[in-house]
Amino acid sequence: MICPHCSANLLYKERTGNTCSKCRKSFVLEPKSAPHGLSDVGLRRAVERLTADGRITVTVGQLHYATGRRHLVGGAVPERRGSLGCAIPALLAGLPTLGFALPHPAGAGAVAALAGLALVAIGIRSAVRWTRFKPMKPRELLWSADDFRRSVTDPWQRGYGVLPRGLVTEDSVRPRPPAAPVAAVLCEDRTVRAFLQANAFEERHRVVVVPDPASVPAGLPVVVLHDAGAEGCLSVGRARAALAGHRVLDGGLPPRAVMAQPKALQLRQPDVLPQTMERLRGRGGPRRGRTPLARRGLVESAGRRTAHRAAGRRDPGRRAAGRRRAGRGRPGRGAAPGARRRLPHLARAEHVTTPRSSR
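For the sequence shown, numbering that gives the first Met the number 0 gives the first residue as 0, with consecutive numbering after it.
Don't read these hints as lab results, they were simulated from the structure. Keep in mind that the hints are not guaranteed to be accurate.
What the hints assert, rightly or not - No farther apart than 30 Å at their CA atoms in a straight line, the calculated lysine-lysine pairs in the DSSO-like style are these:
no., residue 1, residue 2
1, Lys21, Lys31
2, Lys24, Lys12
3, Lys12, Lys31
Using the sequences and the hints given, assemble the complete structure.
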């Protein structure tokens, strides 16, 4: 590992007792025992990547997920559907059999032709299936969030006094709602709520971030944030049932946004009910496939659109994007033909699902 003080490259025997043998200064994290193999230098670099060199503030929970992708248990290796061990012998046996059957169209040749066709079909099918992978099994992080805090951030605060710049704990973030909010953002995830509040999302967009439907102020439109898992997708329906009289918009992460991403992290969640999984066709546990910076942009887009709707006007940024996608019409003739039909695809482009009644 690299010493965080003198930048010396230390072997394990040169850093016993969490002390550098070169400069005699102590460090906090030992990669061989710390969660996710983190060292002091590795933790600082991970925070710099997540915060985009200090542009945003991230939480300890987000750091836990970001650094744990290489330390998974439970089906982390994808499996192929077919097998080359079956495809190759079937093709090697089927092709010569067909070659033997061609000069002998009757009797034994007909039987050989049928057998050859069957072997070739089996070989081709197995080879095609080999190019495809089975759906990834749910995975779990090797270290839980509580263990990560006890073994990484708590010792760091004791050793250095403060966390790295741009990293905060969920408990240290205090909400600062505006005096006259124009909308409410409902988010059950404590880490995401702290992330939004730490980046002054409430003040900049004049919204209030709440943890449950009971905390939503009366008369405000509501944007529901959720992950792409089974329970997350159903949270919008639960919010609409609990907030009768409120306008409820789905601003969460749709499954299609992460299904095709190879780096999306699917987590096992044992408390998901079987009937929930059946209703959602096995979408599984929460899927996290967005960086904090991308997540902030997604939420800001949904909040800005809700604020404009509450004020009775359209979002100018979305209107400009609609013109770019639909194409401008001739002067005095409005938008090009078919523009109205293409505008609903804007919601998919921004990864925000809007209710059918609002289109």
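Against the structure, the hints:
no.: 1; hint: Lys21 x Lys31; result: holds, 19 Å
no.: 2; hint: Lys24 x Lys12; result: holds, 15 Å
no.: 3; hint: Lys12 x Lys31; result: holds, 12 Å
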